[in-house]
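Asks: With our numbering, letter number 358 in the sequence shown gets 367, and the count goes up by one each step, no holes.
Mixed in with the good hints there might be a few duds.
SDA-like, lysine to any residue: derived pairs with alpha carbons at most 20 Å apart [claimed, not checked]: (1) K400 x A481; (2) K335 x K435; (3) K435 x P402; (4) K618 x Q632; (5) K435 x A481; (6) K65 x H55; (7) K406 x A481.
Don't read these hints as lab results, they were simulated from the structure.
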Amino acid sequence: MIHLPALITDLGFILLIGALVTLLFKKLKQPLVLGYLIAGFLVSPHVPWLPTVQDKESIHTWSEIGVIFLLFGLGLEFSFKKLVKVGGSAGFTAVFEVLFMVGLGYLVGRSIGWNSADSLFMGAILSVSSTTIIVRAFQELGMKGSRLVELVFGILVVEDVVAVLLLVLLPTLVSSNGFEIGNVVAVTTRMVFLVLVWFIFGIFLLPAFLRYIRDLLDEETTLVVAIGLCLVMVIIATAAGFSPALGAFVMGSLLAETPEGHHIEKLLNPVKNLFAAVFFVSVGMLIDPKIIRDNGGLVALFTIVTILGKLVSTYLGALLSGQSRKTSLQAGLSLAQIGEFSFIIASLGMTLKLTSDFLYPLAVAASAITTFTTPYLIKSSESIYRWTDSKFPDRFKILLDSYSSSIKRQGGKSIGGLIASSYGVKIILNSIVILAIIFGMKSFVLVQLDEHLQASPHAGAFAFIICLVISAPFFWGLLQGQPSKDVDAEDLRRIQSLLPGITLGRILLAVLLLSVMIAQFVSLPIASGALAGIVVIAVFLTMLYGEKLYAFFEKRFLRNLTEKGKETHNPAEFDPALLPWNASVETFDLGMDSSLIGKSLRELSFKEKMGVTIASINRGDRQVFAPTGDFVLWPFDRIVCFGSEEELSELHRKLNEDAEKHRWVQPFGGKYQLSSFVIENEDPYVGKSIRDSRLREDRKVLVVGVERGKNRILGPSSEFVLENGDLVWVVSE
């Protein structure tokens, strides 16, 4: 009798069940990844009425190959040009969100009694959203091309890169039993050095090698060469002490920079999909319903922390990077799930015996739940935004709008330089004093308390209380210190509008210093629980007293502001509640089949119908700044618009009725800037209309808004008469 290896039988069974389940999920319009997980569960020993996989070791090997090809494919989709195009807002939001979630996961894990390895892996698992699930949800909801989608996709690109770094760092840190700064620096330095060496040699050798063999390449040989290069880099990375995933990603990103990169990506897709299917099925095989049933509370906690943590961290990160309240909240709701990278991180911990058995099923269960909730959260994001936004005080919303506009504003000092000159010295000095108190207390006072209390467990708590009391004035100085007296009135006005981000940054620094203090004197589980409790109490108090607290800070700041600026300006003319506008500049390209082609701006009446002002139109190498109503649109014109978020969203909805005809381009951040100036009594513009002032012709600017006392006029007509003291907002190059 002919013997058939168990591996062939297992693969046939796995792929057949996987095909049937995923076809069903495709029919139901559910993510295929979820179908593979359920297929894996069906072929596992936990379902006794179906055949079970026999050769588990071989299937595990195939799943490892699946991880390699997933990372290789990710590298092929990645390029440094693509990373640059992501923009500062998406990059900052992604890094902020990942760090926030890793820290939150670690704190939650330690507070419920988990060990350090499980807690750290939990944070890493929670930190990366699912690109597959989000892309599918956006496609099904017809949201492709919106500004929100551009931001979310940019965040996902950076998240994937950070996830690769986590795959490298986590095993080294956990297996070495060290979370010290020295370990982190050593591992990171070695990794960066090796990756740079690989990239230098790769960029130098790979293009030349591919050019040399180009005449010999067809689809078959190209695929074989690409996979061979991938596996060679995997071997090198493993020999250097790093994860095979890093080697696969590096080789993919190297090939992505070559002319053949896109062709290789297309050829690899079927192979990647096959092995990825085996990987996700193997993930499903590890789902243990008993563990999930016995840990139902942990599954609920995992899910709640994922959704709320992702929402809050992305919302804060996007706000700090200058996004509007609406876009920030919608981005947070879109990213509130975990997926394929989380499985890879969880399986890494289990394979290397670094984590407990219960962590993997918990991650899979939380991913399954959040996969189902994601489309509904995205679909209802508009109504959720309206409901939550109605709960915020009006002054708080104005403050956030001012901050968002100030971040987008260009000209003057850089934001980093402005904050450094205003607060840098005070923040650094207070932080140094707090750290000196912490380590001084640990080195001297804690030793004495241990001797007098005979190593009582309460000695650390006493030392912590003493340390907190001594350092309290410096924490207050860190959080409440006013800007330097050397800052001029104009910079003080910018500082006022940037206050939300500055305040949050100072709070996060204070929390970090407080966590260092707690960790020196109290056991880690108690420390994590204490920090989690402090965060909950702070959020609760903010909800109760946030408006009063803000009013106090605003009153105090305005007193300082008016004292500083009274020599040059009347404070009433610069009400910070009005500065700057909740408006921005957006750009889009006109498709060749657009219904707008051949029509003049006067016919289209963007300003009259939607309130949007056309600031500039680029046509090839030509640029028409502040075009007149007679200007006729042509195919491929790049149109720069100014307006509020609602007005630009309405314009986008109109243009996106035919997604193939109109392609939304990146938000403002290129050649154009939003700035302002004050009309002085001696200016020639006083008493003249905007048309007669010739601001457009003489200063090459487009007037988009005017603030007069307590009134604000967005998009004033050309007949609007300028007066002494008006604050004029303009778009310029």
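Asks: Within 20 Å, alpha carbon to alpha carbon, are K335 and K435?
Replies: Given that 20 Å is the threshold and the Cα spacing comes to 34 Å, the pair is violated.
Asks: Does the structure keep K435 and P402 at a Cα separation of 20 Å or less?
Replies: Not OK: K435 and P402 at ~31 Å, beyond 20 Å, violated.
Asks: Tell me if the straight-line CA distance from K435 to A481 falls inside 20 Å.
Replies: Roughly 15 Å separates the two Cα atoms, so the pair holds.
Asks: Would the pair K65 and H55 pass a check requiring their Cα atoms to be no farther apart than 20 Å?
Replies: holds (14 Å)
Asks: Between K618 and Q632, is the straight-line Cα distance small enough, at 20 Å or below?
Replies: This hinted pair is violated, its Cα atoms lying about 25 Å apart.
Asks: Quickly compare the C-alpha distance for K400 and A481 to 20 Å and report which way the hint goes.
Replies: Measuring from Cα to Cα gives roughly 33 Å; hence the hint is violated.
Asks: Does A481 lie within 20 Å of K406 when you go C-alpha to C-alpha?
Replies: Violated, at roughly 31 Å.
This entry does not satisfy hints 1, 2, 3, 4, 7, going by the numbered hints stated previously.
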